[in-house]
Amino acid sequence: MNMKKYALDLIVAAVETPREGYVLLRLTHDETLPEMLPGQFVEVQVRGSETTFLRRPISINYVDRVNNELWLLVHVVGEGTRAMASLKAGDTLNCVFPLGNGFTVPAGTGKKVLLVGGGVGTAPLLYHGETLRAAGHCPVFLLGGRTEADLMQLEHFRRYGEVLLTTEDGSVGTKGFVTHHPVWEEQQFDLVATCGPKPMMVAVARMAKAKGTECEVSLENLMACGLGACLCCVEKTHEGNVCVCKDGPVFNINQLTWQI
Amino acid sequence: MANLSVNIGAMSLKNPVMTASGTFGYGLEFADFIDLNELGGFIVKGTTLNPREGNDYPRMAETAGGMLNCVGLQNKGVDYFCEKIYPQLEGLDTNVLVNVSGSTPEDYAECAARIDALPGIPAIELNISCPNVKNGGMAFGVTCEGAAAVVKAVRQAYHKTLIVKLSPNVTNIADIARAVEAEGADSVSLINTLMGMSIDIERRRSRLSIGTGGLSGPCVKPVALRMVWQVAKAVNIPVVGLGGIMNATDAIEFLMAGATAIEIGTANFIDPAITVKVVRGINEWLDAHGCKDVHEIIGALEV
Ligand SMILES: Cc1cc2nc3c(=O)[nH]c(=O)nc-3n(C[C@H](O)[C@H](O)[C@H](O)COP(=O)(O)OP(=O)(O)OC[C@H]3O[C@@H](n4cnc5c(N)ncnc54)[C@H](O)[C@@H]3O)c2cc1C
Ligand SMILES: Cc1cc2nc3c(=O)[nH]c(=O)nc-3n(C[C@H](O)[C@H](O)[C@H](O)COP(=O)(O)O)c2cc1C
Ligand code: FES
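For the record, the sequence lines run as chains A and B. Numbering-wise (this note's numbering), the first sequence opens with residue 1 and increments by one. Numbering-wise (this note's numbering), the second sequence opens with residue 1 and increments by one.
Hints in this document: simulated from the structure, not taken from any laboratory. Do not take every clue at face value.
To be verified - In silico DSSO-like links for lysine-lysine, alpha-carbon gap of 30 Å or less:
{"#": "1", "chain 1": "A", "residue 1": "K236", "chain 2": "B", "residue 2": "K233"}
{"#": "2", "chain 1": "A", "residue 1": "K198", "chain 2": "B", "residue 2": "K233"}
{"#": "3", "chain 1": "A", "residue 1": "K5", "chain 2": "B", "residue 2": "K14"}
{"#": "4", "chain 1": "A", "residue 1": "K198", "chain 2": "A", "residue 2": "K111"}
{"#": "5", "chain 1": "B", "residue 1": "K233", "chain 2": "B", "residue 2": "K277"}
{"#": "6", "chain 1": "B", "residue 1": "K233", "chain 2": "B", "residue 2": "K292"}
The task is simple: from the sequences and hints, build the whole structure.
Printed below as a string of structure tokens:
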């Protein structure tokens, strides 16, 4: 999919703190925001620090067409994401987007798709869930965290499908990892899509394989350009090294050389 | 509007702004952001005779004011370029250059010969300075004999404008420049990346798969500028300057230090439209200072 890419100064419409250590940036623009696909991402320019020289890749969390907003859900882990968290309404943020390929929206209608997210990896699944629902499919969200405080935007997810939770400490939902949830035994899915820490995605891919279900994973390799120009972000596939920023970030697990 | 056109060997450029190999893909990746025809030229990614997979991931680490990379010349080989990429670039109204690399002088020459056959490619840039591959690459660029051997072999096989890209990882870059000039290079470009390292102290490991990488970005600019100045004084062929250029002011510094043209690399990652902004910025500066021609500032440094 070759969609036109833009470099735009977006305006911060609102900054929310859904949980301690996370920030939701709601960005807008004078003109209608361009077309974007679920699973695609934005390269955000962080100004004002020599150690945040390169742009930061952040997934498209949600596109609110009514209010012309693009949402980014950011986990504050370092200087760049901290700078994003200190933005105020009215500030501008230069964004290059939409980048990457995006998740598969199956043909036809009525397909059951399990969307499995861990930590801030839940971010792209919200927009994906909305898109699947709008296309007449039935998304089910399986979201995992260490503890209840890691799970966010649940009310938004519930608009598009059933929401199942797991926490490692059992503070909410099933105790354990996402792969421990009974839904894997109770229901059959046409497709699984997952985003989160690599060990989680490996476990999810194994589970999907055991059930004979196709599985898509969304990778977060370190990036420099985000445009397929520098070849820094490569992942090994059966066809050799490919760019996660351009040929991904979403891959069918069968393309990758992961041991599952 | 000042006259911005410059010549490098037999190639004429509508302005002195090109892009640095390995940072601009095949140019097409940037076509949504700029009109490629507004550039003096662009240099596509490092190309070798045979396909190369490059180094393992991770290949990149951010540093203060720059980045390290150890991509290691991943490319699908010269025939892929000729058959699949060249037809997409042929119609452009700008100079498209290929950056050529290899492991032996013969490889370099064979790769260059295949590009010689493409009428739409007016020049090549010979990369004898890649710090990220074991055989060849920088090994040739760090001695006068090695550099001369590659240029000699390529000069016999390649008949258009030959630019040789120099490594900064040497004791005296002017000596290397003179050695390649003597073998018939039409121009030298500099600098390639400076070899560097970055360590993740928690893991006690390098952040790069092969341990070291090449440093680029604004942090290298003072070194690059000094080297361009030294080389421009040492040779009679035109010099192409690069290393950390982020804006028109930086570009004008390189021109004043003696560069006839410049290349923009890492800055493309920060602003994909930076190249055309630099073209405009140079033009505005010349107008504001009453210069009618960019040549009025090339080598204009007063010491
Ligand atoms: C396609 C893609 C989509 C992403 N989507 C989101 C998102 O929606 N929300 C979000 O919060 N983060 C997302 N990330 C991760 C995000 O880009 C990094 O967390 C961010 O760049 C860190 O910047 P920093 O300056 O705050 O931290 P740094 O100081 O650069 O690093 C702090 C820590 O974060 C780790 N880190 C840095 N870059 C990455 C990376 N690319 N992936 C994983 N860990 C990293 C470093 O190893 C280090 O331990 C995404 C990454 C990619 C490649
Ligand atoms: C990711 C990356 C890949 C590169 N690949 C090549 C290459 O294939 N051939 C080459 O001659 N130089 C390569 N370079 C070096 C650049 O062309 C340039 O010499 C260097 O980055 C300094 O310029 P800059 O500071 O403007 O980026 C690469 C640089 C980067 C950052
Ligand atoms: S980040 Fe440059 S190619 Fe993917």
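To see whether the hints hold, each was checked on the structure:
1. A:K236 - B:K233: The hint is violated at about 46 Å.
2. A:K198 - B:K233: 53 Å, violated
3. A:K5 - B:K14: 27 Å, holds
4. A:K198 - A:K111: 26 Å, holds
5. B:K233 - B:K277: Judged against 30 Å, a Cα distance of about 29 Å means the pair holds.
6. B:K233 - B:K292: Holds: B:K233 and B:K292 sit about 24 Å apart, inside 30 Å.
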